[in-house]
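Participant: Protein chains in written order, with the working numbering: chain A, 1 to 265; chain B, 1 to 261.
The set of hints was computed from the structure by calculation and includes no laboratory data. Mixed in with the good hints there might be a few duds.
[To be verified] No more than 27 angstroms apart at the CA atoms, straight line, and that leaves these computed lysine-lysine pairs for DSSO-like:
| # | chain 1 | residue 1 | chain 2 | residue 2 |
| --- | --- | --- | --- | --- |
| 1 | B | K175 | A | K113 |
| 2 | B | K85 | B | K255 |
| 3 | B | K175 | B | K254 |
| 4 | B | K175 | B | K255 |
| 5 | B | K85 | A | K84 |
| 6 | A | K84 | A | K113 |
[What the hints assert, rightly or not] With beta-carbon atoms standing in for the labels, derived distance ranges:
| # | chain 1 | residue 1 | chain 2 | residue 2 | range |
| --- | --- | --- | --- | --- | --- |
| 7 | B | V119 | A | R132 | 41 to 49 angstroms |
| 8 | B | V119 | A | I143 | 34 to 42 angstroms |
| 9 | A | L129 | B | L19 | 50 to 58 angstroms |
| 10 | A | Y135 | B | L7 | 51 to 59 angstroms |
| 11 | A | N22 | B | S8 | 48 to 56 angstroms |
Ideal placement from N, C-alpha and C gives every residue a C-beta, glycine not left out.
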Amino acid sequence: MLKIYSRFWQVNWAEQWQYRANLFMYLFYWLVSPIVYLSVWVAIANSQGSVKGLTANDFITYYLTMLVVEQFTSEITIHIFAYKVQDGTLSGELLRPLHPILTGALINNIAFKALQMLAFLPIWLLLNLLFRPDYSSVTIGSILLAVPGMLIGFWLSFLFGAMITSMAFWTTRVYSISQFFYLVTILLSGQFVPLQLMPETIQTVAGYLPFQMFRYVPIETILNRMPLNTVLQNYAISIVWLIIFHFLFRWIWREGLKRFSAVGA
Amino acid sequence: MQNLRLLSALLKINVQMALAYRVDTAVNILLELLGLGWELISLSIIFSNTQTLGGWNLGELITLLGVFHLVNALMNILIWPNTEKFNASVRDGTLDYTLLQPTDSMFLVTFSRMVIWRVWDLVLGAVLIGVGIQMSGRETSITQMLSFSLLSVTGTVILYSLWIVMIAATFWFTKFDNNVTLLQALLDTGRYPATVYPFWLRMIVTFLIPIAVATTIPLQALRGELSAGQIVLFLGISALSFLVASRIWKAGVKKYSGASS
């Protein structure tokens, strides 16, 4: 199995490497909205001292840390897989005794992120020079504590993305569905704003949902702003979600394959 | 006159194209409504934590959102689809046929594709502007309204000119056919007043990729923050940038050698 994964890695890395020229464009695209949100909240925090106890520096460190966390937890499955269902190229992959999503698509995701990381690091350092954040609350312990959170976060978002991508078996408008869930996750994952600034009810709901693991929980863990038992409690909730997502994905995939009619084959 | 006739013919073709995908159109409009809901929720979250953003109140931000929708509509109706078509036609050589037509090539390249259902975004933008002005509770004079409308148009002309320069650049640097992505990426900065951005970003969205010229600056005119001199200056800049852009376009067409020939 390991050999299979390492082969997949070689192929997908080479494939992603072809597109390295577009990399900075993608990166640029993806950086703008966090920086806009950052600027908006820093402006508010500066004008009134703090927002619900968060100072300008708290917002700067939140969004700059978010960029790093996002590198680990994001996924692009719909872009590398949905079209294969639509144009029928999935047929060829189904002949192999391997799960197309849990091998090829997974490794392609990781290769994309690894390559992106190379371009991301210098830009992130530049942003730190521009915004001059104070990271004094971060410790080695808090970073280590966040690592399992980011791994769970990636696995959750990968399975979530895979489930949405599997909707391609039922409808050609899978991108519209993904768009809808994208808007939901921006609010509930803490990407738009740290969750403590949300209305109470939404905060409570978000606390029981898996989306906060995509951004909010790992960020707050790294920045040492979440008490240890809250962190562990969130990890426990997210492991339950991981199990649910796992079975849900298996089920959706199986039902989807039954409907797959291999267009163009 | 000829251009008007041409425009109506192109409109007809594009309406037919949209009608061929009726369900898609319905789904897209639904998504757009969701997007609007999202924008309003995000504004209400911001304003549940503060009274003003960079000195602007909720009503003024809704007006800004309306102007942003107008600019965004223009991008979605014309600019993005025609960028895609233009880049493809440079790559496969079909641009030759456009250039051979006995009419202005810049006009054809701008209007050949239109995503008609996005026109709805213009209506939405207008409604948001109206509601926003009401909500802001400021007294707005006729001159402020006029200069607001005028500067929205000139700002849009400046962005359009920039786009022409960007796609014309492909004639010289074929590799850079994704430079319009820069415009696309920075467009989202138009949702908020440029005055809240850090200095370097404000410089970028004002001078380099001037999104703010079509969003923040008309709003500043509405708030009565601009002098008559500044308004005339923007008029001059937009006329000049349009002239320069069409010159560059002509020079680019001369340079173009065609992928098919």
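Participant: The structure should be examined with respect to each hint, and the outcome stated for every one.
Facilitator: Against the structure, the hints:
no.	hint	result
1	K175(B) <-> K113(A)	24 angstroms, holds
2	K85(B) <-> K255(B)	20 angstroms, holds
3	K175(B) <-> K254(B)	18 angstroms, holds
4	K175(B) <-> K255(B)	15 angstroms, holds
5	K85(B) <-> K84(A)	24 angstroms, holds
6	K84(A) <-> K113(A)	21 angstroms, holds
7	V119(B) <-> R132(A): 41 to 49 angstroms	45 angstroms, holds
8	V119(B) <-> I143(A): 34 to 42 angstroms	50 angstroms, violated
9	L129(A) <-> L19(B): 50 to 58 angstroms	53 angstroms, holds
10	Y135(A) <-> L7(B): 51 to 59 angstroms	56 angstroms, holds
11	N22(A) <-> S8(B): 48 to 56 angstroms	38 angstroms, violated
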